[in-house]
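Colleague: Assemble chain F onto chain U, guided by the hints.
There are 2 protein chains.
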Amino acid sequence: MATLTVPAAVPPVAEDCEQLHKAFEGWGTNEKLIISILAHRDAAHRRAIRRAYAEAYGKELLRALGDEIHGKFERAVILWTLDPAERDAVLANEEAKKWHPGGRVLVEIACARTPAQLFAAKQAYHDRFKRSLEEDVAAHITGDFRKLLVPLVSAYRYDGPEVNTSLAHSEAKILHEKIHKKAYSDEEIIRILTTRSKAQLLATFNSYKDQFDHPINKDLKADPKDEFLATLRAIIRCFTCPDRYFEKILRLALGGMGTDEDDLTRVITTRAEVDLKLIKEAYQKRNSVTLERAVAKDTTRDYEDIILALLGAE
Amino acid sequence: MATLTVPAAVPPVAEDCEQLHKAFEGWGTNEKLIISILAHRDAAHRRAIRRAYAEAYGKELLRALGDEIHGKFERAVILWTLDPAERDAVLANEEAKKWHPGGRVLVEIACARTPAQLFAAKQAYHDRFKRSLEEDVAAHITGDFRKLLVPLVSAYRYDGPEVNTSLAHSEAKILHEKIHKKAYSDEEIIRILTTRSKAQLLATFNSYKDQFDHPINKDLKADPKDEFLATLRAIIRCFTCPDRYFEKILRLALGGMGTDEDDLTRVITTRAEVDLKLIKEAYQKRNSVTLERAVAKDTTRDYEDIILALLGAE
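Keeping their order, the protein sequence lines are chains U and F. The first sequence maps to residues 10 to 323 in our numbering. The second sequence maps to residues 10 to 323 in our numbering.
Only chain U is shown next, with the shape it has when bound in the complex (with noise of 0.2 Å):
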């Protein structure tokens, strides 16, 4: 479901980073050329070019990148170029420290990864900032979302297919019970969504529709304007339809007024080697127009190229 194009016969690495030096040499930058390269590479080539890049030039590829390119170009290009798990941390430093409200990383790293990604995440967390995500999250945020974000980021849930059905039954009745109190932030919803397997979830949200009659997100759905619902209504959704939760972040970040290149630039660079066709269509279903034209429509120069790309657009 990745949109991530690779040539039949990829070039060795030694040739991609010969070409990519040239890119970066004389007068300006061969910003295609980079393109043409990095976003036709899956993660292991991204990684063996990097390793080789510095081996054969004594400078780091991501250095000279940023060097030679600039505004949310470069951020895409090295956002796309670093490992999925660094790109992960990298992203979740940032929004630990400059932490808001309506703040999805960290929700997306948590929820629309597995388990065994997440953790990744977290050990090149530790590598790259010497430091926790959870320390990070716990020190820079505060309050509810604090006591919600913490354990999000924090769990290591189990993975298996295994659901117990009276759980799952069980547990949809307390949600429904502190929902209806509005006792939004009650830690009994906080220890059921962050601590469940992704399968006992995905029972317990369908046992609460057939207990009462309609999904637990209409439910969370009473102030549309309180953020900490909505962040609860984040994690659900990345759990049962990230293809739909992506869609909706592109949707927002491509209409109105302005586009909200940082959201654009996440999920297409952390999807195109995921699910990035299922969000594509499920794009194209909800807004009659395909997501690459939209793209084209709201972004310019290279940072439109590399989008497009990514997309596997032809």
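One copy or any two copies: either way a pair holds, since identical chains are not told apart in the list.
The list that follows gives simulated cross-link-like pairs (lysine to aspartate or glutamate, EDC-like), each with its CA atoms no further than 16 Å apart:
(1) Lys156 <-> Glu197
(2) Lys156 <-> Glu196
(3) Lys156 <-> Asp195
(4) Lys81 <-> Asp269
(5) Lys139 <-> Glu171
(6) Lys257 <-> Asp269
(7) Lys81 <-> Asp272
(8) Lys207 <-> Asp168
(9) Lys139 <-> Asp168
(10) Lys41 <-> Glu313
(11) Lys257 <-> Asp271
(12) Lys182 <-> Asp228
(13) Lys68 <-> Glu34
(14) Lys81 <-> Glu313
Source of the hints: derived by calculation from the structure; they are not laboratory data. All values reported here derive from a predicted model rather than from experimental measurement.
Modeller: Just chain F now, with coordinates in the frame of chain U:
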């Protein structure tokens, strides 16, 4: 600092399996033979023996042991034979299910292991119980203990030596202020103890002593009967002086009326390959008697034999 003694030339795994199989055969069981093998093999060897035994005899070694031996001797042999991560998973699961405020297993697994070892225990927990440690702790424990123990077992702490001294200074102040107000379960105390790295916490406790003239644990002794305070002290001691922490568990297990075999077995089996030599030294220093002698006085027969073997007694 381990007490485990392994022969200079360890027999081939197949021979160990044959000997164990022989120990189970015929009338009665040869407990001495079981001890002479399993109590003198390191974790990697024991793992190899388990694998080879199951292949050779079509029966899990642990099941064969369970059919032959019983009671506290069985428990000691089986806990010891398990992989360290699996053993931690089993112990943590037992404590989570029948938790009481005096329980120390979760604290030990969270604070007297490296972050990587704690994570390995959580992986073993998934494999064995098809659930996560954090969800079981969260589901079975309530109130202030839940607020403390869930993040304690969840966090993946940074494990490096880097210390932020000004942070240590300011967080020591926060701890002092909250303790002074008897706000022992305050979320700031919990945040600091459950997320900061071991090196950072040691710096914070040192700063506490420097700023306020006595160790933090002295201030946490306000009410000696308060089990929440005792748990906080146990957390701090597992970080600052695990040898003396475990010495005290052994002292209480062996002293007074009756012997607490659960505590004795747990400490011996979990530390024999780690730091039991240091714990023995601390024991002798504190009790003016060797740990071997105290164990010999309080235990009998096969159980005594395996505990003494793991203690490295001649």
